[in-house]
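Protein chains: 2
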Amino acid sequence: MPPRIVEVREGVLKKNDQLARELRLRFRRAGVYVVSLVSSPGAGKTAFLEHTLRGLRPRRVAALVGDLATDNDARRLGRSGAPVRQITTGTVCHLDAAMVAQALEGWELDTVDLLFIENVGNLVCPSSYDLGEDLRVVLMSVTEGEDKPLKYPTIFNSADVAVITKTDLAEAAGFNRDQAHANVRAARPGIEILETSARNGDGMGRWIERLLALSEARS
Amino acid sequence: MPPRIVEVREGVLKKNDQLARELRLRFRRAGVYVVSLVSSPGAGKTAFLEHTLRGLRPRRVAALVGDLATDNDARRLGRSGAPVRQITTGTVCHLDAAMVAQALEGWELDTVDLLFIENVGNLVCPSSYDLGEDLRVVLMSVTEGEDKPLKYPTIFNSADVAVITKTDLAEAAGFNRDQAHANVRAARPGIEILETSARNGDGMGRWIERLLALSEARS
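Chains as they are written, first to last, in this note's numbering: chain A, 1 to 219; chain B, 1 to 219.
Pulled out of the complex, with its shape left as it was, chain A reads as follows:
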């Protein structure tokens, strides 16, 4: 990258980090546990989140969802009954802390126990942007190929939990579970790995359980 771009980019990241710190403080004060989701496009973030919002009842949950275009995801997630806001990024390939802060305007955070932030589908750009979250979850579907953590190591390395999605397709896709786990752990040693299927519900109960344990450990 040309030196001038690097310099500007570092300035942007520094500003984002500061905004994210302010957000984190605000979330903590309001008692909100914040979870962000990152993955490739089509790894199943929205279906996973839809089940998660339902599974967390009667806790008070809310979500922000990022996309370049359309508010399809917000409408899908809205069916769960939870308050959901769409962040439309235009051509921007990731969410940043300023977009999150803007989307939260007018929301009373004290009325929320858990807030989810679904990032734009992208395994590269979101990795450098802190959104003030407590937990970053990286999702990877069984159909994407077991090598993804090796090819996109930064985003796996920046995550706290990895979720392997669409396990109902594992056999049809010839998914190699051991290889996938080994590759995730090569990118992020010691990371907790969960496996889920939003279609048949497998593993969703365990995920909800772990999520609640993690959120309670924080408070």
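Please note that a few of the clues may not be correct.
To be verified - In silico EDC-like cross-links for lysine to aspartate or glutamate, where the CA-CA straight-line distance does not exceed 20 angstroms:
| no. | chain 1 | residue 1 | chain 2 | residue 2 |
| --- | --- | --- | --- | --- |
| 1 | A | Lys15 | A | Asp130 |
| 2 | A | Lys15 | B | Glu7 |
| 3 | B | Lys14 | B | Asp130 |
| 4 | A | Lys14 | A | Asp134 |
| 5 | B | Lys14 | B | Asp134 |
| 6 | B | Lys15 | A | Glu7 |
Keep in mind that the hints were calculated from the coordinates and are not lab data.
Based on the hints, put chain B in the right spot on chain A.
Leaving out everything else, chain B in the frame of chain A:
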């Protein structure tokens, strides 16, 4: 985006466009037809390209493959016997014309009939970077969800041909073909759509046929 970033970004794109024009001229003079592939991570670009390189024999083919990390793809594609070079981008989310020019150093382009450039798996960032290609192919697998063209319209709009991959998984994934085609065409009216499975070879013959027709129409 802050105005300064926009300004710098426009400068970078302008410089890229100029480099891409030079590349395109060089390719044309050498008689090389250049095809670039863009998609999400895990949509099956490499498997598709592996079959394509084999299917084009005895024509003289070569490939450049972009990834953040690892040279797995170059090694995989090298098994086809074609000359292949890996471009490792580090944290950069797309290929640009300068990376392509650099990767071509020392190659005699006159000895190549078709050159493939596999971009970093990303449905956002590669869309703005002209690589000097004659044909841009966007791939989307049946497992990603039919809505991807609506959510990532720019990259579909910048493509010349759309390929729906992993059709062997269509039934297991509950793929809605009509919806997918309608969404691709909403993002890019009139675009040619092909369907393939690298696993069972379905549609690969038709793709090779279309590719050769397109490359011959150019020359």
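Structure-based check of each hint:
Distance restraint check for Lys15(A) and Asp130(A): the Cα-Cα separation of roughly 10 angstroms lies within the 20 angstroms cut-off, and the hinted pair is therefore satisfied. Restraint check for Lys15(A) and Glu7(B): satisfied, since their Cα atoms lie roughly 18 angstroms apart, inside the 20 angstroms limit. The straight-line distance between the Cα atoms of Lys14(B) and Asp130(B) is roughly 10 angstroms, inside the 20 angstroms bound, and the hint therefore holds. For the hint linking Lys14(A) to Asp134(A), the alpha-carbon distance of about 19 angstroms falls within 20 angstroms, and the restraint holds.
Distance hint between Lys14(B) and Asp134(B) is fulfilled; the C-alpha atoms sit about 19 angstroms from each other, no more than 20 angstroms. A C-alpha spacing of about 18 angstroms is found between Lys15(B) and Glu7(A), which places the hinted pair at or below 20 angstroms, so the restraint holds.
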